[in-house]
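Q: So the chains spell out like this:
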Amino acid sequence: MSAPAVPLLERPRVQRVVYPLLVAIVVLGAWQGLVTGLDLPPYLVPSPILMVRTLVTDFPALGRSLLVTIEITVLAFLVATVLGVLISFLFVQSRALETALFPYAVLLQVTPIVAVAPLIIIWVRNPTASMVICAALVALFPIISNTTLGLRSVDPDLQSYFTMNGATRMQSLWRLRVPSALPYFFGGLRISSGLALIGAVVAEFVAGTGGTGAGLAYQILQAGFQLNIPRMFAALLLISLTGVALFAGMAWASRRALGAWHASEVST
Amino acid sequence: MIPKERVDLSATAEAAVEVLSAEKTYPNGTQALQPVDLRVAEGEFVTLLGPSGCGKSTLLKMIAGLLAPTDGRVLLWRKPVAQLKDGGRRLAFVFQAPTLMPWAGVTTNVRLPLDLAHVPRDEAQGRVGEALRLVGLGRFAHALPRALSGGMQMRVSIARALVTHPNLLLMDEPFGALDEITRHKLDLELLGLWRSQRLTIVFVTHSIHEAVFLSQRVVMMAARPGRVVEEVRIDEPYPRGPDFMVSPEFSRYAKRLQDSLLRASREAPEDEADA
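Sequence lines, in order, name chains A and B.
Note that this note's numbering numbers the first sequence so that position 214 is 227, with each residue one more than the last.
Note that this note's numbering numbers the second sequence so that position 63 is 67, with each residue one more than the last.
It is worth saying that the hints were derived from the structure and are not from the lab.
One or more hints might be untrue.
Claimed, not checked - Straight-line alpha carbon distances no greater than 20 Å define the calculated SDA-like cross-link-like pairs of lysine to any residue that follow: (1) B/K89 x A/Y117; (2) B/K89 x A/T181; (3) B/K83 x A/N178; (4) B/K89 x A/Q106; (5) B/K83 x B/E46; (6) B/K89 x B/G47; (7) B/K89 x A/V95; (8) B/K65 x A/L195; (9) B/K65 x B/P39; (10) B/K189 x B/P243; (11) B/K83 x A/Q172.
To be verified - Where chain B lies over chain A, by a calculated footprint (3+ residues, C-beta under 8 Å): (12) 138-144; (13) 184-193.
Think of the CB as a built atom: it goes at the ideal place given N, C-alpha and C, for glycine as much as any other residue.
Take these sequences, add in the hints, and give me the full structure.
A: Now the structure itself:
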């Protein structure tokens with residue numbers, strides 16, 4: 014066996030996994046110890062082991078709900094991305110349009126979705142569609158603001174070069190503005206992916222849809238009514254893991270797209 | 005011994021650039037450039053030399069058509085810049101920074117002006133290869149800009165200028181950010197390109213030595229307000245090599261420009277405080 018040049022624990026890639034894992038082990042260990050040591054009842058604080066056991070035994074129901082929540086989140090995220098990019102393109106085509114409409118984008122952002130959700134749920138009959146709209150509204154703004162900023166963040170000399178060489182508006186857009194905007198766009202995606210999940214959970218809470226269309230938020234509500242706290246924690250764990258997976262997915266996509274050239278993704 | 009030629013700068017050669025009392029005043033009233041008259045003959049190498057704020061970049065950008073003069077006119081081969089293409093002539097501009105697209109490889113960057121002009125891919129590819137060979141980067145066709153040194157990025161920028169087969173090359177302090185050794189190397193190569201490609205070059209710099217080394221004529225400028233102070237002919241034969249830089253003639257020219265620069269800044273003493 015040939016010894017590696019760098020010891021395993023000194024490699025940044027390994028550290029990125031091992032260090033957070035150590036924190037998790039310490040925290041979970043302390044949690045488990047406290048619960049057993051103080052003999053806390055599971056309807057107040059379930060131990061991590063009980064939580065995982067509940068997750069396994071209740072997985073048929075929880076798994077179905079997980080799929081529902083993921084479906085709403087992903088659909089909302091896609092809608093927000095497409096819509097956000099289109100709106101940004103409109104904004105950079107005309108300053109007047111941006112000046113006229115940007116305050117409303119802000120308005121949309123600052124209005125709490127919990128306050129708007131009941132209206133949307135009344136107006137839109139299809140429960141899935143109404144929840145997707147809610148979540149998309151939450152996730153929209155970072156994509157608009159980041160992509161607009163990116164499309165405008167063009168090296169002025171490079172822009173002069175394009176102008177001097179008789180580039181058309183379209184050529185400038187596709188060859189210069191879009192690539193320049195990519196780092197900002199991916200920054201927006203990272204924020205929005207998390208917001209889409211939050212939006213989906215909030216929408217589920219408000220809609221309170223049960224039955225086969227029940228998402229994880231509904232499971233949390235139900236478990237709360239029944240004081241089934243371990244199940245509540247299990248559902249919570251699934252939501253958090255979904256969020257982490259989304260974030261990791263976006264980070265991966267960003268690295269794929271920018272890794273070769275952009276300072277934010279180039280490993281030194 | 006290589007026979008050294010004297011370059012004939014007879015005023016009868018066709019004018020490539022004519023600046024006719026062009027001036028630039030910004031809307032806030034700042035006069036960036038007082039009326040300037042300048043004539044650059046076809047095939048000539050002219051340097052605009054001066055401290056920052058003297059309007060040398062402004063003048064160059066007016067020649068390139070990137071800035072419109074507030075008053076006066078700029079003609080290239082007796083036509084306004086916008087009609088240059090009709091005469092079958094082209095200009096290329098090299099910025100102070102390499103100004104490359106960081107997401108695109110060297111080839112794509114050099115091919116950009118051809119792509120924008122819809123030159124067929126096969127033909128464009130051949131010309132890119134040729135331009136990269138001219139600047140000695142044939143082996144780096146697939147590298148990304150960030151993988152190259154500052155000097156190499158500047159070579160890419162020059163290749164991108166040469167790929168259009170320009171008649172007029174405008175350079176805005178292109179080697180200002182490079183170290184002394186790299187800068188001198190690129191100066192030498194630029195002289196080679198000027199001769200082999202039969203270019204007309206207008207070169208902006210704040211380095212007296214670079215101006216004397218490169219050009220046939222130095223246009224001395226001063227700041228506040230930006231203006232032309234003097235034109236100095238560098239009547240020395242090409243090719244110029246490192247020997248020229250240590251010759252008494254070189255020092256004499258450098259001294260003369262230095263004196264002229266000092267005199268010009270003394271004429272506006274009230275501006276020295278914030279200079």
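Q: Now tell me if each hint is right for this structure.
A: Cross-check of the supplied hints:
Our distance criterion of 20 Å between C-alpha atoms is broken by B/K89 and A/Y117, whose separation comes to about 46 Å. Our distance criterion of 20 Å between C-alpha atoms is met by B/K89 and A/T181, whose separation comes to about 16 Å. For a cut-off of 20 Å, the pair hint linking B/K83 to A/N178 stands: about 18 Å separates their Cα positions. Straight-line distance between C-alpha atoms of B/K89 and A/Q106 comes to about 28 Å, which puts the hinted pair past the 20 Å bound.
Among the hinted pairs, B/K83 with B/E46 is consistent with the structure: their alpha-carbon atoms are about 14 Å apart, no more than 20 Å. The straight-line distance between the Cα atoms of B/K89 and B/G47 is roughly 18 Å, inside the 20 Å bound, and the hint therefore holds. For the hint pairing B/K89 with A/V95, the CA-to-CA distance comes to about 41 Å; that exceeds 20 Å, so the pair is violated. Only pairs whose Cα atoms come within 20 Å are accepted, and B/K65 paired with A/L195 is rejected, the gap being roughly 30 Å.
A C-alpha spacing of about 15 Å is found between B/K65 and B/P39, which places the hinted pair at or below 20 Å, so the restraint holds. Simply put, B/K189 and B/P243 have alpha-carbon atoms about 14 Å apart, close enough for the 20 Å limit, and the pair holds. For the suggested pair B/K83 and A/Q172, the alpha carbons sit about 25 Å apart, so the restraint of at most 20 Å is broken. Given as covered by chain B, the stretch 138-144 of chain A fails the check, having 0 residues with a CB less than 8 Å from a CB of that chain where 3 are the minimum.
Here the stretch 184-193 of chain A counts 4 residues with a CB under 8 Å from a CB of chain B, which clears the bar of 3, and the coverage holds.
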